Each structure stands twice: as structure tokens, then as C-alpha cells.
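*Asks:* Given the structure of chain A, go ahead and fit chains B, C and D onto it with the hints provided.
4 protein chains.
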Amino acid sequence: MRVGWIGLGAMGWPMAKNLKEAGHEVLVHNRTEAKARAHAEAYGTRAVPLEAVAEAEAIFSCLPTSEEVAAVVEALLPHLREGTLWIDCTSGEPEKSRAIAERLSGRGVAFLDAPVSGGTAGAEAGTLAVMVGGDPAAFERARPLLEAVGRRVVHVGPVGAGHAVKAVNNTLLAANLWAAAEGLLALVKEGVPAGLALEVLNASSGRSFATEELIPNRVLDRSFPLTFKLGLLAKDVRIGARVVEGAGVPSPLFHLVRELYQLAARELGEEADHVEAVKVVEGWAGEAIR
Amino acid sequence: MRVGWIGLGAMGWPMAKNLKEAGHEVLVHNRTEAKARAHAEAYGTRAVPLEAVAEAEAIFSCLPTSEEVAAVVEALLPHLREGTLWIDCTSGEPEKSRAIAERLSGRGVAFLDAPVSGGTAGAEAGTLAVMVGGDPAAFERARPLLEAVGRRVVHVGPVGAGHAVKAVNNTLLAANLWAAAEGLLALVKEGVPAGLALEVLNASSGRSFATEELIPNRVLDRSFPLTFKLGLLAKDVRIGARVVEGAGVPSPLFHLVRELYQLAARELGEEADHVEAVKVVEGWAGEAIR
Amino acid sequence: MRVGWIGLGAMGWPMAKNLKEAGHEVLVHNRTEAKARAHAEAYGTRAVPLEAVAEAEAIFSCLPTSEEVAAVVEALLPHLREGTLWIDCTSGEPEKSRAIAERLSGRGVAFLDAPVSGGTAGAEAGTLAVMVGGDPAAFERARPLLEAVGRRVVHVGPVGAGHAVKAVNNTLLAANLWAAAEGLLALVKEGVPAGLALEVLNASSGRSFATEELIPNRVLDRSFPLTFKLGLLAKDVRIGARVVEGAGVPSPLFHLVRELYQLAARELGEEADHVEAVKVVEGWAGEAIR
Amino acid sequence: MRVGWIGLGAMGWPMAKNLKEAGHEVLVHNRTEAKARAHAEAYGTRAVPLEAVAEAEAIFSCLPTSEEVAAVVEALLPHLREGTLWIDCTSGEPEKSRAIAERLSGRGVAFLDAPVSGGTAGAEAGTLAVMVGGDPAAFERARPLLEAVGRRVVHVGPVGAGHAVKAVNNTLLAANLWAAAEGLLALVKEGVPAGLALEVLNASSGRSFATEELIPNRVLDRSFPLTFKLGLLAKDVRIGARVVEGAGVPSPLFHLVRELYQLAARELGEEADHVEAVKVVEGWAGEAIR
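Protein chains in written order, with the working numbering: chain A, 1 to 290; chain B, 1001 to 1290; chain C, 2001 to 2290; chain D, 3001 to 3290.
Calculated directly from the structure, the hints in this document are not laboratory data. Quick caveat, the model's predicted, so the values are computed rather than measured.
Below are the BS3-like pairs computed for lysine-lysine, each with C-alpha atoms no more than 25 Å apart in a straight line:
(1) B:1279 with B:1189
(2) D:3189 with C:2096
(3) B:1189 with A:96
(4) A:279 with D:3279
(5) C:2279 with B:1279
(6) D:3279 with D:3189
(7) D:3096 with C:2189
(8) B:1035 with B:1229
(9) D:3096 with B:1096
(10) A:189 with B:1096
(11) A:96 with C:2096
Example chain C residues on the side facing chain D (calculated, C-beta under 8 Å, incomplete):
(12) 2129
(13) 2176
(14) 2208
(15) 2250
(16) 2285
Ideal Cβ placement from N, Cα and C applies to all residues, glycine included.
Looking at chain A on its own, in the form it has when it is part of the complex:
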């Protein structure tokens, strides 16, 4: 199939490569043109100007926020052909996705929100989890393409549902990480080494992805590799809070987590890695998780 790909960031770059390697013709576009040319040279995709992406049967967008997606959709709108499929892998906002879907629907273009989870490692390996919102028939058309980039591809509901699930997932990650930081710092200050505490927590009911993966592999050794920016997690948590608000669920915990990550992004900068958020609690505690 002829596939368009807009956005060659840390996630988009390997995902577009995987589509090409699955046998598709891939037209890549990036705001910084040189990046698209480099991708073309490296993997045999084709670097094209934005309007040329409209020639594809299916168009992927993989951008920082729904704002950029909306802008790109507006720019391409006059060029799009009826029957085209638009698949948005951005970690976007349900409400904005619904507005974008409506815009595209006026041109006979179906929209799916299809954010992914699994990090750059999962993107490289093609083992991402993909949570998809949109029309079931459109989902069935997109499935072979999505299975080229991810291993667990799940249709979760109508347009916006993919983005909602992604935002909730990341808010839970943020909540579980912050709670673990508070608890572990207290234990360290009471004389319990964090490694021992984690050994027990992870054999017990307090365990989470944060205690099993993030803290042992990134905090205890103080490596804090940059894999996902704090500014982006703070944005996802804002979307998560919007989702619970929109649904009318009183959610004191989601909202506290929202504010904690806003202030963490203020204190540490948007460019820090998301796991560095624990450094805010470390600063308050006057101790490190170790």
C-alpha cells in the first residue's frame, strides 16, 4: 500500500522504517526537511513535500500534540482524496481528535486515533501496544498497517477513545511513580535501603511498572536516561485530567497528580526525562532514593 508518514521524531522515525520493511511504499514528510531526506537514504522511503502526502491511501501523523495534527490536517485538506484513511499516532486529546475527525469526514476521509505505548525500544522492535479509537470498519482497514508497527493492537472505542486510554495510562504511570517516590524516600530516611524495599514491594501488592521497571533501572543507578520528556508526560497528565473532567468523574487523585507534574516540569524543565520527577520529592525530603 502507498502510505504517508508525517513526523519523524524519536517514535515516528523507527515506526516509518518498520512500515517500509513490511513491504509498503512510504512517503515521509518532516518539518525539518533534512530529516526526511536522511530517512529516505537510510531506508528507501521517499521524502516528499507536505501536499504530496495526499497521494497516499493511508496517512500517519506522529506529532508532539493535537495542535500540530490539526494544523497539518488544515494544510492538507484541499488535497485529500475521498476514501483516504488518516491514522494519528500522536498522544493527543480526545476532544480535539473528535473535531479533527469531523473536519476530515467532510472530505470523505476516515480518522483513527492510534497512540502507542512501549517507548523508543518498542518502536524500534515493532512491539508497541497500539490503542485505537474510531469507526470499526476503518480500524479493520488499518489493522495490517498497525500490526507492522506494534504487537498488541486493540480497538478500544469511538474516535478519541485511543487518546483517552493513552492519557489515562500515562496518568496512572505518573501517579504510581510519585507515590512510590514518597514512600521509598521515607523508608530510606528510616534506614531501609531502597533496593531492599523494592524487592519486598515487588513481591507484594504495592508493585507497579514504576517500582518494577523505572526505579530499579533508572533511579537507583542515577542514570535517568532521556527516553520520554517530562514536558510531554506533564502534557499527557493534563489530558488525563481533562478526560476525567469531561466524563464527570470527581477525581481528587488525578488532579493532584496533574498539579504535581506541572510543578515538576516548572522546576526541572520540560526537557528533563519524565522519571526525573522523583527529584522534586528528593529535594523536599533532603535525601535520595538509593
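*Replies:* Here is chains B, C and D on its own, set in the frame of chain A:
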């Protein structure tokens, strides 16, 4: 070894049996005497009055709170012999344990706090995780006994450290469960079935014991089996909040969780199962996790 | 001056009367027409269909939310004449007001957001505080009209600023009231009569409008008169949280207050009086403020 | 009457002077002896060693926390005479006060907790509010002395009630101040000068001691005079949270405020003035209240 066991509740009953089956002579005592006699008949342990427990070389206590432990220690104090080992499996309070340890130390009795995790199923199977605080030499003496009731026995620090780790574990469980409830209810209201959402979360970074075990097996099917009382989790969360307070760690999240479980225990009663806490959020949302 | 008035609710009814009594010709419109006719009969105003309001030089709107204002503006838009002044006394949303202002500006109509504070008593007496956002020249034109309905008329900033200040005011009210309820209930349970506690607080640094006015006059005597619906306060608090979000101020307290009033409105119903929110804390505490 | 006074800090110094000026014989004691001698020289009181304070008929203590009060009581206990009255003006803890009262009661000494409100200005002028807990008969004996240091002297309940009311008062102050800081910073960032916003709030329902006194007189002019240390307010808020906990009132707001002031004291130091807490929010917002 001659071992004393005080407290034959849902956890203590099978743990005392496992000690007996590991070849020890076990003297059991329970406030309701008939329960001790039933245990003796069923497993060949020996039901004794409280003072007779002092004849044991090692004494286990497994009671609702540190208050009851302190009362039993006071009552037995005149009868205790130097060199006895006291092992407290209660989910108790670090501060109170330190006070109890000091009382016992005046009689030449070593104290270990050794709370367990793994529920009644783990207690039956002898596969509990045991987190132990206290003197390392005393821990080594206790280890064979603890390995008769648990599979993962970890010495985490000085007296009180076991109780601190247990309280933090349970507060994390409480936090992760409540956060998941808020997020899932919003998704359900937006048209995403909770089972699908959990499938994605559990393949992603938002996962926790709450999303992997509790909600799929107890909430989705509305079974809510009574395995651990909400009133006891609310107590553990109070202890968890005391631990972070005592350590001087500013902890907005732990304290919000504390208050949420206090109000849940008020609304649903102390006798409800701990997982029923999600029903408070369900009530606010006007929807069920399903 | 010929003045239009849209919305004859608890606040709008006496405000329109005061405009008439200040010597203006007042065209009143209300969705339920009978209400407008009753106003005309009682005070000598003129009940008119919506389009006829466009004949006024200045148009007031006083509606439940910005949604209704936007709808009315759309409906009237084709009829509006250049140079008209639109004054919106609704407790609305800054963002939506900016959008409305832009729509009106396309027709040469200036928009001011001018929410009021002081309750129905202040509306009757013409002693309301009025916080106004918008162009300074438009404000000067509106001032004589606003001084007919309020005593303290303050221009606080550009379009939306009036609504922002109103929302912040009401969120502070909500925060101060809830905090007072928590503290007073604890004191009552410790044997301190609430009236005595208030006497001390109100002579000290803990005092607020909530402790000086609302609790003594509405809670202690259990009268809870319906003067301002809980559902409307919950809405204002949502707007307040939007304001701090939009401004990029990490605000854990505003967001907790937001969630507490959402759940209060769920538990007590939107039609309860706003001061009844304390009943939620009373329910949790198992005690009344008395 | 012969009166003893222990503790000549910022509050104790002028209060002891006022007692002397009301015609009492005042024996002053201070840990730093030179301070007591200076007081004696300035006002004609008598500087004495600790034990000599036991000769007084009524003994005042005015110390940083209940810990110091308990230590002084233990030290004086062997010297105290039956029938002596002990009046503690410390901002102390209800629980500890009950323990101290019991110790003193064994020697026939009555204890009143009598914390004050009104700042150093009120202490100088003798216009403090005094909230008193303890036996009504003891209160009647103390009343003439208390009226020499304060204008509003209220008996609020049994021993501990005075401290509980003081702690609640200060927690409300802390809550109202923080909420105002969040809201005002958002308004400033939206283009509303803080002074204008305060003018409106203080004519409306959002007003509190924080918006009427503290922010206009100490924040807008950036003077932040040191009148009450942040570390002491953080301690009072901890006591306030203990009070609601002890009373069994689920209190999400009190507990969030508690954690916010703990982190503020960490960030700004215990020696900062309490009103400087707003600087934490200013730092998060990247803007000042002005």
C-alpha cells in the same frame, strides 16, 4: 523448637499450622479460647492460657494492631525468660514497635517486627513475603521459623523497619487502586469497556498490582470477596502517612490517599473488603467499572 | 438610554428593575415569556421578543453560563447595530467570553464581561460589586449603567478578566468554606461548641467570609436558605480551575477544591444551596457543625 | 498576685510586661538568663532561676512547642506547691497538653492551655485573643490574669481545647493564604493587577484575613516583615492535621495544606516569615503577586 503463637485470625490460623507441620511444638493462645482448642484438635498444636506461652523459646504475635500487641506484652512481661525471641507478624506501627522492643529488651527478650504480605492464600500455602525489622543476630535465629511460614523472607532494617515497609506497600496499593478507579470510570463513561482498557494498561506503563490482579478478578465480575477488611487497609494507610511524616518527607499524595480511605471506610463501613473502596468513586461517577 | 435585558433570574430580575428605576427605558426578554411580562407589569419595563432587544443601545445578558450567552449572541447577531454595547453579567468563562467578544466585534459591537457579587440581597439593594473586563472606552460608556445596579464597579482588565476575577473569588469562597468545615467539625468532636470556636476564629487570623457570615447565619441554625445553587458554585469552581490552568500556575489547592465541589454536587444535587456542601464533611465526620 | 513567667520570646516579653503593669509581682525566667535580667531592668520584674518560679501562685509558660513545656514541668515538678495554677500560652498540642495536665494534677496543680492570637502587635497592646482549655473553676481563677494580656478571653472547652482551636485557626489562615496565592497569581498572569483583584475580592465573598490584611500589607509591597516564622506555622498546621485526625474527620484539604507548608518550610527555611510561603507558588508560576 517450642514456639508460642498468639492470635489465630485469618492469617494466624494457617501460619501456626505451617509452623507445626514444619516440625515445631506449637503452643497456641487466642482471646476466644474455643478457637485455640479447635486449632489444637485440627493440627495437633497445644491450646494454652496466656502465661503458659512464656514457656516457649520463640513467641509469635499476630494481632489486629500494635495496641493489642503492647497489651499482651505487658501481661506476659513478668513471665518472660531471658533469651526468648518475640516475633510480631501484626501490621503494626514502627513507633509503637520501638517502644515494645524497649520494654522487652529490659527483660532480655529480643523483638522483631515481621509483617507479612500475600493474603490468606499465601498464608495457607506458606508462600508469604515477610519483611523483618530488628537486630541482625535475632533475625538469623528467627529465619528458620519465618521460612516455615513464608517464601521470601527479607531483613529490611532496624526495629520498626518491617512495619514501615508493610505500611508503605499497602499505601501504594491503596494509591494505585484509587487512581485506577478514577481513570477507568472516565474511560467507561467515554465508551471504553473496562476490560479492554485494562488489557491495554496491563501491556503498558500504567500497570500495577491493582490493574493486573484486583480489578480484573474482583471488580469486573462484581465478586468483591472479603479477603482484607477496608478498615484494616485504612489503618495501614494511616500508618503509612505516619511513616512519611515521621521521616519528614512532604507527601501530598500519601496524605490525600489517607483521607480518601478514611472517608471510604466511613461510607462503606470498616467491615467491607478493601477493594470495595472503588465503589466510592463509582458512586461519585454514577457509573460502574465494567 | 434604551437598554435591553436578557435573563430575568434571581439576580437579573432586581437588576433590570434598578436600571428602570434609574431612569432608563428597559426592554426585557426571558426564555419563559410570562416572566418578562410580569416584570413589565410590575416595574414598567417592556417585554419584547429576542430580536427586538437589538433596538437597544446597550444590551445586558444575565444567564446561567457562557453557553447560553453564546447562543443568544448568535441568534441576535444578524440584528445587531454597529456601536451597540454588550454587557454580560453572567458568571461566565474567560475563554468563551473572548470568543464571544470576537464574534461581536465583527459587527462593531463592544463586549464587556461584568459579573457581579453580593447575592440577591445586593441585587435588590443595588449594592453589588461589579468586576468588569474589556476595552477601557467601552467601560467608561457602561459605567453609568453599571452604577445603577452596583456600588463598587471596578475595571479589572481586558475581556475575560471580569469572569476570571469572579471565578477566583468564588473558588476562594469554596476553599475557605470547606477548610472551615473540616476544622470546626474536629473541634465540635473534641468538645468545643462551634459558636465559641467561631467567636475566636473571627477575632483571629483564621477568619474569612465563610466563618464570619455563612456558617454563623446559615449553618449553626441549620437554615441553609437557598440563595445560590451548589451546582452553580461547582461550575464557578470549575472555571476557577480553568483560569489557573490557563495561566500556567501549578495549583494543587484549587484543583482539590474543584474535585470536592464536584463530588458534593453529585452527592447533594445541583439544586442544593452552596453552603450545604458542608453537609458532605458532616456526613464523613458523623457529626454536625453546631 | 505573685506570678511566674517562663519564656521571654517575641510574644512572652511584652505579655510579661503587661502583667507587671497590671499590678502583679512577676518572676521571670528565660533559658538565656541575660534576657530575663534585661526584662527585670526594663520593667521592674524579677529575674529568677527556674526553681524559684515555683514560689508563684500562678505560672505562665510561653515556649516554642509542647516539648519544652513538658521538660520545664518535669524540672519544676518536685518544687511545685498544691493549689498552684499553670497557664500555658504556647501554641502546643492538645494530646501533649492532656499528658502534662495529668502530671501536674498529681501534684495538685491545675493546668490551662491558653494560646493567644494577635501577633506581637497584639501582645504589646494587650489586645490578644486568648482561647482557653481546662477546668471552668481554674479558668475563673485565671481570668483576671488573662485579661491583663488579652482583650478577648474565651473558655472553649476541656484541657487541650485551647490548643486545638489555635491549631485550627492557624491551619485556616494557612489554607486561605495559599488558595489566595494560587488565584491571584493566575489573575496577574491574565493581566489583572493584584491590587485591583484584592479590591474586588475584599468587597465580595472570597475575602479572608489573608486577602484583607496579609497580602495587601506584606506581599504587594514585598516587605514580608518577620512577625511569625514559617517553621512555627508549619508546626501549627501539623498540629491542626493531628486534631482533625484525632477527631476522625476525613479532611483532604487540611492534609494537603499540611504538606504544602512542610515543603514550603523545606524550600524557604524555617526562619522565613510565614507569609513568604506565597513565594513557593510564585516560583512555580514564574510570576509575582503585584
